[in-house]
Structure formats: structure tokens, C-alpha cells
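Engineer: Spelled out from the first residue to the last, the chains are:
2 protein chains.
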Amino acid sequence: MPVEKRNPIPVSEAIERVVNQEIYTKQIEVPLNESMNHILAEDMIATHEIPRFNKSPYDGFAIRSIDTNGASGEHRIRFNVIDHIGAGSVSEKEVGAFEAVRIMTGAALPEGADAVVMLEQTIEDGETFTLRKSFEHNENVSLKGEETGIGDIVLQKGQVINSGAIAVLATYGYTQVKVNEKPSVGVIATGSELLDVGDALEAGKIRNSNGPMITALSQKLGLNVVAYQIQKDDLESSIQVVTKAMDKHDIVITTGGVSVGDFDYLPQIYDALNAKVLFNKIAMRPGSVTTVAIADGKYLFGLSGNPSACYTGFELYVKPAVLHMMGANTIYPQVVQATLMEDFKKANPFTRFIRATATFNGKEMTVVPSGFNKSGAVVAIAHSNAMIMLPGGTRGYKQGHTVNVILTESQAYEMECFI
Amino acid sequence: MPVEKRNPIPVSEAIERVVNQEIYTKQIEVPLNESMNHILAEDMIATHEIPRFNKSPYDGFAIRSIDTNGASGEHRIRFNVIDHIGAGSVSEKEVGAFEAVRIMTGAALPEGADAVVMLEQTIEDGETFTLRKSFEHNENVSLKGEETGIGDIVLQKGQVINSGAIAVLATYGYTQVKVNEKPSVGVIATGSELLDVGDALEAGKIRNSNGPMITALSQKLGLNVVAYQIQKDDLESSIQVVTKAMDKHDIVITTGGVSVGDFDYLPQIYDALNAKVLFNKIAMRPGSVTTVAIADGKYLFGLSGNPSACYTGFELYVKPAVLHMMGANTIYPQVVQATLMEDFKKANPFTRFIRATATFNGKEMTVVPSGFNKSGAVVAIAHSNAMIMLPGGTRGYKQGHTVNVILTESQAYEMECFI
Chain A
1 MPVEKRNPIP VSEAIERVVN QEIYTKQIEV PLNESMNHIL AEDMIATHEI
51 PRFNKSPYDG FAIRSIDTNG ASGEHRIRFN VIDHIGAGSV SEKEVGAFEA
101 VRIMTGAALP EGADAVVMLE QTIEDGETFT LRKSFEHNEN VSLKGEETGI
151 GDIVLQKGQV INSGAIAVLA TYGYTQVKVN EKPSVGVIAT GSELLDVGDA
201 LEAGKIRNSN GPMITALSQK LGLNVVAYQI QKDDLESSIQ VVTKAMDKHD
251 IVITTGGVSV GDFDYLPQIY DALNAKVLFN KIAMRPGSVT TVAIADGKYL
301 FGLSGNPSAC YTGFELYVKP AVLHMMGANT IYPQVVQATL MEDFKKANPF
351 TRFIRATATF NGKEMTVVPS GFNKSGAVVA IAHSNAMIML PGGTRGYKQG
401 HTVNVILTES QAYEMECFI
Chain B
1 MPVEKRNPIP VSEAIERVVN QEIYTKQIEV PLNESMNHIL AEDMIATHEI
51 PRFNKSPYDG FAIRSIDTNG ASGEHRIRFN VIDHIGAGSV SEKEVGAFEA
101 VRIMTGAALP EGADAVVMLE QTIEDGETFT LRKSFEHNEN VSLKGEETGI
151 GDIVLQKGQV INSGAIAVLA TYGYTQVKVN EKPSVGVIAT GSELLDVGDA
201 LEAGKIRNSN GPMITALSQK LGLNVVAYQI QKDDLESSIQ VVTKAMDKHD
251 IVITTGGVSV GDFDYLPQIY DALNAKVLFN KIAMRPGSVT TVAIADGKYL
301 FGLSGNPSAC YTGFELYVKP AVLHMMGANT IYPQVVQATL MEDFKKANPF
351 TRFIRATATF NGKEMTVVPS GFNKSGAVVA IAHSNAMIML PGGTRGYKQG
401 HTVNVILTES QAYEMECFI
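Chains A and B are the protein sequences, given in the same order.
Under the working numbering, think of the first position of the first sequence as 1, with each following residue one higher.
Under the working numbering, think of the first position of the second sequence as 1, with each following residue one higher.
Do not take every clue at face value.
Taking beta-carbon pairs under 7 Å as the criterion, some of the chain A residues facing chain B (in silico) [unchecked claim]:
{"#": "1", "residue": "M36"}
{"#": "2", "residue": "I150"}
{"#": "3", "residue": "P212"}
{"#": "4", "residue": "K346"}
Everything labelled a hint here was simulated from the structure, so no lab data went into it.
Heads up, the beta-carbon is just placed ideally off N, CA and C, and yes, glycines get one too.
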């Protein structure tokens, strides 16, 4: 059986081919409290000014600034407290000369007042107090509309809805939010060598770790995932299960079977489905045979059965596709630069991705390969938070070199208290 | 009514007081597919070697290296293919002199063979092939146990279960995982000025944004959250609702009512509950009145009603407490250094936290305050991914200064393709 010849394309081109598809999930409205981690499908505008009224940023007394002219330590000026309001209440009194209304943080300034004296700036005495400095017009006042005006765009279409966005949406009274649906994902681990997690070991076999890992990575993006039964290396039943999964999901991810090995049926499956293969060879290691195809407006990701390659394939291709389908305006992995803290001598014609631990040290980031970096080193994945990206065609890297790094997990918390 | 005098403590001491409590959630076993984002309650060990057998990292032919001695371009050596195995299968044949077994990636080396020739290194001809280079003992062989030995600790107690950890646990057949339960959280927004998100505006009132924001922040940590009705500034009913929430949750978070304002009932609520107040004044802005108390082995967080302070309080105190309760070995926010890209002139005796956008530029990070940074600038929270931390007692900062930054959201994805 001849080895199929495939043409490797650069990683950047592969990603571009993935995200240049006109494939989007449908727009829906979700309740605000279920909108977290969705992408906004439209610009959101301010439905009112913030603040809506001149208000006090402190607990204190609302006064007329003009009455404070000439105040000093030697010449304290006395005010009479005529009312007392909490946040959410509005005084019905108007502040006159040398009068004050005791006012709580967030409360609206009463008529007549144009400044707020903080409690700490006064000496109280029954229903009066004195102060020792003069105040300017609007001093200690949060002015109506100074944060946002009506109609201002406060959140952009394509923005991820995070906790801060939820606070903004709540503020402006949006109980429903228009978003693109999160894609649903079917995960099919393929390979006759695979056992279920609960199975006893057998000669020549290993347990399926890619399926649970890809399921977890999808869950991390907030997606609905269905993990299918392990699929043996059998063409007919493989076609059936992928077809079934395509009926139910926006994205079907297979792991394994993607290479040119004699039992690698994925190319034939794509043929049978009339799928348009976007690429089946990328100039990267591991995972050069990672394949992405489109059929019936669905994404088919053929990730490698090698766990490192499988992980890398998800981060590089599945994640941008998911963000693209949901209408995000920022979809690519973030690349930073870091100082390599160990020699990495393996040369390669292809771009190499190495699981690694990135650490901030002051203003700079350092990065160390995560232990064992051979194919299948699944333990290294668990102990890494980044991927080093070494361009192909080089003779390896030395400690102290600057390398490109993709951050994959949130960086580890510091062990010691910090402030 | 006199102003209560409170003694501010440093932020670091406040965090220490929070996490030095002997308060943990109970240990449970969860199914592997529900273990994501839990913290491991015990070290996990390798239940078998990886690889479990000498295996092929490539598609190719398993041979005896000794038979390749003297091979060259001028002197190609021919091998007879005696068997053909996929991953998961084991050849029953033993490889003899100038014999080979065609072998797929991940398959066990057959008896007799000690090296693998990659397909690309051969010229095939029917059931034979030739090669042009000599091979060493164990060349292109993944050796039994070279990644992990039996009993090796592969995941540490206190480690977050991420997608890589799930792959490791699946590999070793762990269907159940011992973890500390995720704490349950009750969120009570207090303040007579608050309206529900769906309510029409009224004079002097604002919609409750802190409740939804804190709920979202808790959900982001994977916690079960119950958002209670908005609580008016009324002492008796406030005591009742906090008591009720304490019965049901490990953590009760209130927002608002925490200051020394005349309608701020939280101090009295803590009194009524016989709560031990860990602190009620921190040398920080915003949120100096943030209060943390313990009652009946539960955490009570009294966050400020100011949205920026509320957010900051969650990141600085609630999050480390949650990680502590779950037994994490890394619980503190991560601090990095960045170059400030704008003057920030506001001086303050207290440590100041400023919502900001942090961006990687090559090896360095830059940071810009997120628009409006007055109290209550809720829109700025949605557009930030970091908090600048300016020590107290300074006269403000200038563009180009190096400042400490806490990363709060995952950093924004890059807009352009990157590789």
C-alpha cells in the first residue's frame, strides 16, 4: 500500500482556512443570568445616563459651596442639618444658606446643594456641624452623565460576556441578551487500541484519555459536549457514528485515525461524507496530520490520537473555530514572548509546539518545557500552562533564547502573599 | 451619631486573616467527568508504566537493529515483511534475521525487534522493502516505563483538575476522584436604593448590578450560587435573610451596607449573629470598608456596594478563601509587573486598585487604566482584564513607570493571526 503524499501548509494558513468559513451558530436570546461566556451578537447601548442624577460619592453633608467661602481652621463655619437621607431616598427639602442635608454614599444631591462635605471633614454638634475649608462648585459630587450618556455604546458586538459585562447589562435593565448559540460538540475517540477509563488493561491497549480531555476542553469553553462510545478502527461503523454525530452537533471532533496508517480510516470517512477537506497536513509537530473538513455546514475536526498533538490541535484549530462560530471579534490564541530556561535541542523542519510552564518573573516571562515531551506524554499536559512555539528549520534553542509562547491555562497562582 | 473609628490593616494582612481559617469543605468522590476545576484531595499515582510496553512512535517496520549494520545508499539491505499489526494488536510472530513486521504508531514491538524504520526511510516492493542506513539498538522505540513508572506521583494534592489532569486520570483508570466539595454561595445584594434588573427606573434608585456580577464571578469559579432577593436597609429582616442563607451555604456574600453610614446595618448584623469579624477596614481604595467575618464555620463576606470595590473585594478575598476551602495549594492572585501607559495622578494614603487593560507586547506587558475610574464605573469593569495595584503614600504615577498588576480575566485574544 503506497504512502499517501500530503502537502503540509503553515500553521497560520491552516488557522485562516478554519476561521474563514461562513459557519455561524444561530442567534438566540438568553436570560441575563445564563449569558456568561456567550459572545454579544449586537452592540449594547446605555439606556440611561450614569450617574442618573448628581450624587454623593461619600457619606457626608450636602451643602451650598458658596457658604464655605472664607472657611479656615481659625474661622470654622457652622451649618444646620435640615434633613437626613439614605441612598435611594430623595430629600424633599431645598438646601438654603448655611443649611445641610446629611447624605449617604450614592444618594442624590438635594435641591440647592452643589457640594458634599465628607463626614471626616466636619466636627458635629447635635444637629449642626462646622467645617474648616472652602469647597468648590461640584466638589465631591458625581455629576449626572459623567460616566455614560444615553445611547453610548457600552459593550461591543463580538465581546465575551464576562462578570463585568453582566454588571453593565444589569445596570441598564437588559434581562435578555442577544447572542450566538454556543456550538454543540460531539467527541468520538477512535482506535481499536482504546479501552474505557473503567476497563482493566489488556495487552497492547491503552485507556482512552483523549476523549475525556477534549470533552473537558470543550466544557472549559462552556460548550455542550456529548462523548460518544469509543469507535473501533472499522470503516462502516465509523461512517455511521460520524454521520449520526453530525446530525446532532455543530462540531464533530474525532481523535485518532487521521494519519496515513493502514487502519486510519478518517480520510475515507470524509470521502464517504462528501466532506470538503480544508487541509490534512500542517507543517507542525506534533499533529502534522491534523485534518479539518466541512460537511453540511458543520466542522469536522480530525485530531491526532497522540495526546500532545490532540491537545495542540484543539487549542490551535477548534478553539478559534468555536469563537468564530459564536461571532467573537477576537478569536486567535494569544502569543507572548518568554525567555527559555532550558536548552531544547531537537531540530525539526516543522514548527514545533512544546507543552511548557510559563511563569511571570517581575516584568518578564520565563518558560520551561514540561518534563517529558515525547509523543503521548500525557502527564506533561497536566503540568503545563503554555505551549512553546519553535519555528521550523532551526537547530534547536538554548537557554536564554527568546521564544514565542501561547498561554493555554490561566497562569498558576503565586504561592506567597504578594501585596 | 458619631462616626465609628476603624483601624485599617494592610491588604496582605487582610488576605492572610481570610485564608488562615481552619475552614474547609468536606471531601467527596466525584465521577471523573464531573471533576473539572475541582482541587485534588490526594496525590494521584501512576497505576502502570507509560509506555506499558516498548512501542513504536511511528508508522513503519519493526526490525532487528543488528541486521542494518553496514547499510548505505550504495548497499541497501532488504527485509521480508512477515506480519502486519495495528495499534492495539500484538504480533504473535517473532522477528528473525532480515525480517520485519509492519507496525502502526502506538503498537507494541514484536518479539525479537529492537528498532523501528519509518515508512519514509524505506523503498517498498511487494512484501519486502530496502533501507539505506544502519539503526541503533532501541532507535525509534518508545521504551517501557520511560515516561512514568508504577507508583510515580503524577498529580499532586491541591492541584486544580484541568483538561490535562483529566487525561492523566483517564489514562490510569481513575473513574472517581477524591476532591473537596465546591463551596456553595449565597449572594445577597443589600440597599434600599436597589431595583431588580427588570424594574423600571425610579427617582434616586439604581438597578442591582453587584448581585448579578458576584453571581457571575462565583459561577466562573464553578460554584453553586443562589442569588437572593434584594434586601432593603432594614435590620430585622436583614438578620433573618443572612441567617437563612448561612443555614444553606458555606459562604454568604453581601454587597452594600458595610460602611459606617447611618443605614449600613452589616456591623449590627454581624453582632446579632455573634460573628467573629476578621477585619472591617483595609488600607485600600476602593473598598476600604470591606468586611470579612466568620460565624458557625462559615465565611461572611461584606463587600462594598460600589461596583469597583465589590469586584476588587471578590478577587482579593473571596477567591483565595474559596481556593483555600477547596484545599488548593496555590490560592493567591498572580501579580505581574507592567509598564503604565498613562499618567495616573491620584495620590492616596491607601493602596489603590484600578481596573485596567493589560496587553502583552513582545516580552513585556503594558497596562492602561480602563476608562473611567471613579467609584461605581461599572462599564470600566467590563472592559478590563487586570487591576493595577498602586501602593499607598505615593504622589501618583507617570507613564513609563513600572507598576504591579493582578491579572483577573484571561487576557484578550490577539486580533491578527500570529504564527
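Engineer: Give a verdict on every hint.
Structural biologist: Taking the hints in turn, this is what the structure says about them:
1. The interface hint given for A/M36 is met, as the beta carbon of that residue sits about 5 Å from the closest beta carbon of chain B, less than 7 Å.
2. Hint on A/I150 is violated. Least Cβ distance to chain B is approximately 12 Å, over the 7 Å limit.
3. The restraint placing A/P212 at the interface with chain B holds, with a minimum CB-CB distance near 4 Å, inside the 7 Å limit.
4. Checking A/K346 against chain B by beta carbon gives a least distance of about 13 Å; that is not within 7 Å, so the hint is violated.
Violation of the numbered hints given earlier is confined to hints 2 and 4; the remaining hints are satisfied by the structure.
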